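**Student:** Listed below, chain by chain, are the residues.
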Amino acid sequence: MDSTTGSKATRLMGIFVLLGTALALPMALAWTGRDVTQGDAVRFIYLHVPAAWTMYLSVFAVFIGSVMWLRRRSVFWDMVAEAASEIGVVFALLVLVTGALWGNLTWGTYWEWDARMTSTAVLTILLAGHVALRQATPDVDGRATRSAWLGLALLPNAIIVHYAVDWWRGLHQEATIGPTGAEIQDLQLFTWMFSAVIMTTAWAWLMTHRFRVGFLARQLDVGGVSTALAERRAEADRTWVDQVDRADDLDAATPVQATPVHRSAPEGGA
Amino acid sequence: MISVLRSASLVLRKDLLAEWRSRVVVGQILPFSIVLLLVFGFALDPDRQVLEAATPGLFWITVLLVSMIAAQRSAAIEAGDGATDGLRLSGLDPAGIFIGKTLAVVVQLVLLEVVLALGVTVLFGRELGGWLLLVTATGLATIAIAAAGTLGGTLTQGLAAGQTLLPVLVLPALVPVLLGATQAWEAALSGQDGGWGWAGMCGVVAVLALLLGAASYGSLLDEG
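For the record, the sequence lines run as chains A and B.
So in numbering that gives the first Met the number 0, spot 71 of the first sequence is number 70, and the numbers just go up one at a time.
So in numbering that gives the first Met the number 0, spot 144 of the second sequence is number 143, and the numbers just go up one at a time.
Any given hint might turn out to be false.
Unchecked claim - Footprint (simulated), chain A over chain B, 3 or more residues, beta carbon under 8 Å:
1. 85-97
2. 162-173
3. 207-220
Source of the hints: derived by calculation from the structure; they are not laboratory data.
Fair warning: this is a prediction, and the values are worked out from it, not measured in the lab.
Heads up, the beta-carbon is just placed ideally off N, CA and C, and yes, glycines get one too.
Build the full structure now, drawing on both the sequences and the hints.
**Tutor:** This is the structure we're talking about:
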C-alpha cells in the first residue's frame, strides 16, 4: 500500500499555488489601487470571492457525486463527494470569516442578518452535517446512500446563496462580475481572476490528496474484512496444529501397558 | 406492490395507533412544549410588549424543536422492535410509507400547535387573527417540517449519534420555513400585506421535501 498521496501532478499543482500566491500577494496588497468608498478594505475581494467560488465548486462536486452514486453506485464519485464536502466546509468557513472581517471594516459590524450571509451560514452547517453523517455511519454502502440523499439538498441551498443578493435587498453588495460586465477593471480585474485561478488550483490539490486518502481508507475498510477472515483462519489452523501436538505429547507421556499375549494352541494337538 | 395511497393510509393508521397507545405526544411532548413557552417568558423578561412582538418567532421555534422529537419517534417506532425489516418486506410502497409517516407527524404537530396557539394567546397576550392566512401558513409550514423531519429521522436512524445529528441536518434546511411561517404569522396577526408570499414559500419547501422524501425513502429503508 502506498504511504503517500503525493504524485507528480500534485507537486506541480502545489508549486503553482505557492508561486502564484507569492505573486498574488503583492498584487492584491500593494499594486492594485484602493477603492473610492471602501479604501483598502476592498482588497478582501481577492480572497473572499475566490473562496466563495471554490465553495460553490465543492457543492457542485458533492451534488454530482451524490447523483452518480444513487444512479450507478459509483464508488469513485462517492469518494469525490466525500472529499468535496470536507473541503467545502473549509472554504465555506473561509468565506464567512473573510466576509465578517470585510463587513466589520465596511459596515461596522461582523454580522448582519442579510439573506446572503444567513444562507451561507446555513450552507456551511449543511456541509458540516454531510461530513458528520458520513462519519457517523459505519456501513460503507449505507454511508454513501445516506450522504448522497443529503448531498442532493446542498445544490438548491447554494443557488439560494448565489441569487440571494438579487432576490432580496440586503446589505451584501451585488455581484462584482456578472453577465453584463465587471465593476472592476484592469489590474484589479486581472488580480481577481488570478486569485480565482490560484484558489481553484489549491482546491484541486486538496481534492486530489483527500480523494486518495479516502481511497486508502476505503481499501482498509473493505480489505479489513478479508484480512480479519484470513487471520481467523490462520488462528484456527494454529489451534488445530496445537491440539494435534498436545495429543502426541499426551500419547508420549502415557506409559504403554503390556498386553497379554494369547498363544494359540499348536496345530495338530500335543 | 400496494398503491401509494393505500400504503400511506395503512402506515398513517399504524403510527397514530402506536401513538394513541403510548401517549408520548400527550404525555411528554406537549408538556415539553408548554415548558418551552414558559422558559421563553422567563428569559425575555415577562414584559408583555417584548413577548407580544416575538410571538410568531417563539411559536415557530417551539414547533421546530418539538418536531425534532416527533420525527425521531416516527423513525424509531419500527426500529425499537426490529420491525424495520418487516416494513421493508411488507410490500408497501416506500413513497406511501414516507407519506403516511409524514402525515402522522403532521397530525401530532397540528394537535400540539392548537395547544401552543392557546398558550401564546394566554401567556404572551397576543390575540390571533387573519385566520385564513394563519391557518394556511401553519398548514403548509407543518407539512414542510413534518416531511423534512421524517426524512431526517430516516437518514439518521440507527446511527450512534443520530439523535444529535438530526437537528443539525434538518433545522438548517428548515430555515426558509421558519422565516416564511414567522413572517406569514406576523402579517396575519398585524393585518399587514405580503403574508401570502411567505406562506407560498413554506408551500414550496413542503413540496420539495415531500418529493425528496418520497424519492429517497425506498433506498434509505433498504440501507437501514
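**Student:** Now look at each hint and say whether the structure bears it out.
**Tutor:** Consistency of the hints with the structure:
no.: 1; hint: 85-97; result: violated (count 0)
no.: 2; hint: 162-173; result: holds (count 5)
no.: 3; hint: 207-220; result: holds (count 5)
Going through the hint list in order, the structure does not satisfy hint 1, though it satisfies all others.
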